[in-house]
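K.L.:
Sequence:
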Amino acid sequence: MNFKTKYFLKSKFQEYYKTAEIHIPSRLEAREWGFISFDEMPETVMRRHKSFGSRGEVEEYLAGMAPAHAYHSVAYYTYPSAPTMKEKQWQEADLIFDLDADHIPGAPNSYSEMLDHVKKETLKLYDLLINDFGFNEEDIRAVFSGGRGYHFHISDPRVRSLESAERREIVDYISGRGLNIEKIFYKKAISGDAGSENVRMNMLSPESEGGWGGRINRYLVSYLTDLASKEDAEELFTGFKGIGKKTAQKMIDILRDETQVELLRKGNMEALSKVNKDIIQTLALQAVNDMSASVDEPVTGDIKRLIRLGGSLHGKSGMRVTTLSISELEAFEPLTDAVVFSDKPVKLKVIRPFAVQMKGNDLYVEEGTQELPEYAAVYLMCRGAAEYGS
-18 MNFKTKYFLK SKFQEYYKTA EIHIPSRLEA REWGFISFDE MPETVMRRHK SFGSRGEVEE
42 YLAGMAPAHA YHSVAYYTYP SAPTMKEKQW QEADLIFDLD ADHIPGAPNS YSEMLDHVKK
102 ETLKLYDLLI NDFGFNEEDI RAVFSGGRGY HFHISDPRVR SLESAERREI VDYISGRGLN
162 IEKIFYKKAI SGDAGSENVR MNMLSPESEG GWGGRINRYL VSYLTDLASK EDAEELFTGF
222 KGIGKKTAQK MIDILRDETQ VELLRKGNME ALSKVNKDII QTLALQAVND MSASVDEPVT
282 GDIKRLIRLG GSLHGKSGMR VTTLSISELE AFEPLTDAVV FSDKPVKLKV IRPFAVQMKG
342 NDLYVEEGTQ ELPEYAAVYL MCRGAAEYGS
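Residue 335 in our numbering sits at position 354 of the sequence shown, and the numbers go up by one each step.
Among these hints, one or two may not hold up.
In silico DSS-like links for lysine-lysine, alpha-carbon gap of 25 Å or less [as the list claims (entries may be wrong)]:
hint	residue 1	residue 2
1	Lys330	Lys(-9)
2	Lys258	Lys247
3	Lys297	Lys(-1)
4	Lys(-1)	Lys(-15)
5	Lys247	Lys164
6	Lys297	Lys325
7	Lys340	Lys297
8	Lys231	Lys169
9	Lys297	Lys(-13)
10	Lys231	Lys168
11	Lys328	Lys(-13)
12	Lys258	Lys169
13	Lys222	Lys258
14	Lys(-15)	Lys297
15	Lys255	Lys231
16	Lys325	Lys(-9)
17	Lys255	Lys168
18	Lys211	Lys222
19	Lys(-1)	Lys(-13)
20	Lys101	Lys340
21	Lys330	Lys100
22	Lys258	Lys227
By construction, these hints were calculated from the structure, which means they are not laboratory data.
Based on the sequences and whatever the hints tell you, model everything.
P.N.:
Printed below as a string of structure tokens:
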């Protein structure tokens, strides 16, 4: 990134910060702040151990310095500007989750499709936090990172004192890591016909129960009853290894009988006891895969981490780090809603071919001098794919 490019980007960021709505975190005076400047690029030098006493001080710093990246600590400190972590005196920290395309299996290569994929993971995480951990919607703040994913901030007092190991256990639960599927299904002893013998019945947690047992029950019953409702149900069931036509028809009859289905919902799996155990366990694993969320464990476990400031700009995209309510998250289109720069044409020299979809436009540029809308030009320069001017 040459001097002219850095000067142009810094001036555009400066314009933005003069009127930007910055989402200042709670207890800002207890936070450590860090910044990466355009001036030192391509080197990445984090200037940290800063502190501010008011919103005005933060906004004045941003408008004056126009950093490429702006961060604040997830932690609260007694002395946030102290030069060492020990001297800062850690008090507590928000609970943070980071969902980034780099850490999500199967993420597409296309930027727009990648962001759609990450959003689906984000909504799965939200479901787990609300329904399994009991957080309220107002406890959770979603933030588009301005790059390749989303962050969740939880500042509920009940979680702020958690240590790193406890936070990693939360990640284990959310990702389904270490879940023993065989223990989800169990045998329950019941009295025999004459009360003189013990019979063991196949059981699963009822759908109304919290945790992964109830989740797997809801998934299995929904998945299997949906298959049974289709016209080609027999063909679909015989597609499972080990299920012949006779067993398939029995399953269909069971799954079309609301009385039997209600027993399954209550956790009584005896009706499916003749089905190959491996099939049920495979579907249970599929349930965990479909309902778990892929989060970056080191971020959640790091109680002294710096996280992007809501309302700031991301120096590798020029897009806004956008704070969202959950209802806003569902409708949020990052490649339109997080784009802050204008359509004004800007001349630049493209260093390498580059494709991006922004504001509903598919842009593909070849090497050489090009004229692009300002928002696209800023994006290419931030990505290192172009330099300012001809």
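K.L.:
Against each hint, give a clear statement of whether it holds in the structure.
P.N.:
Tested hints:
The suggested pairing of Lys330 with Lys(-9) holds, with an alpha-carbon distance near 18 Å, which does not exceed 25 Å. At roughly 19 Å between alpha-carbon atoms, Lys258 and Lys247 fall within 25 Å of each other, so this suggested pair holds. Between Lys297 and Lys(-1) the alpha-carbon distance is near 20 Å, which keeps this suggested pair within the 25 Å criterion. Distance restraint check for Lys(-1) and Lys(-15): the Cα-Cα separation of roughly 21 Å lies within the 25 Å cut-off, and the hinted pair is therefore satisfied.
Proposed proximity of Lys247 and Lys164 is supported: the alpha carbons are some 17 Å apart, at most 25 Å. For the suggested pair Lys297 and Lys325, the alpha carbons sit about 20 Å apart, so the restraint of at most 25 Å is met. Taking the CA atoms of Lys340 and Lys297, the gap is near 18 Å; set against the 25 Å cutoff, the hint holds. Between Lys231 and Lys169 the alpha-carbon distance is near 23 Å, which keeps this suggested pair within the 25 Å criterion.
Between Lys297 and Lys(-13) the alpha-carbon distance is near 12 Å, which keeps this suggested pair within the 25 Å criterion. Between Lys231 and Lys168 the alpha-carbon distance is near 22 Å, which keeps this suggested pair within the 25 Å criterion. The hinted pair formed by Lys328 and Lys(-13) meets the criterion: a straight-line CA distance of about 15 Å does not exceed 25 Å. As the CA atoms of Lys258 and Lys169 are separated by approximately 16 Å, the hinted pair is consistent with the 25 Å bound.
About 11 Å separates the Cα atoms of Lys222 and Lys258, which keeps this hinted pair within 25 Å; it holds. Using a Cα cut-off of 25 Å, the hinted pair Lys(-15) and Lys297 holds, with the two alpha carbons roughly 17 Å apart. The straight-line distance between the Cα atoms of Lys255 and Lys231 is roughly 10 Å, inside the 25 Å bound, and the hint therefore holds. Taking the CA atoms of Lys325 and Lys(-9), the gap is near 17 Å; set against the 25 Å cutoff, the hint holds.
Under the criterion of a C-alpha separation no larger than 25 Å, the hint pairing Lys255 with Lys168 is consistent with the structure, at around 14 Å. Between Lys211 and Lys222 the alpha-carbon distance is near 19 Å, which keeps this suggested pair within the 25 Å criterion. For the hint linking Lys(-1) to Lys(-13), the alpha-carbon distance of about 18 Å falls within 25 Å, and the restraint holds. Restraint check for Lys101 and Lys340: the C-alpha separation of about 21 Å stays at or below 25 Å, so the hint holds.
At roughly 33 Å between alpha-carbon atoms, Lys330 and Lys100 are farther apart than 25 Å, so this suggested pair is violated. In summary, the hint linking Lys258 to Lys227 is supported, as the alpha carbons are separated by about 17 Å, within the 25 Å threshold.
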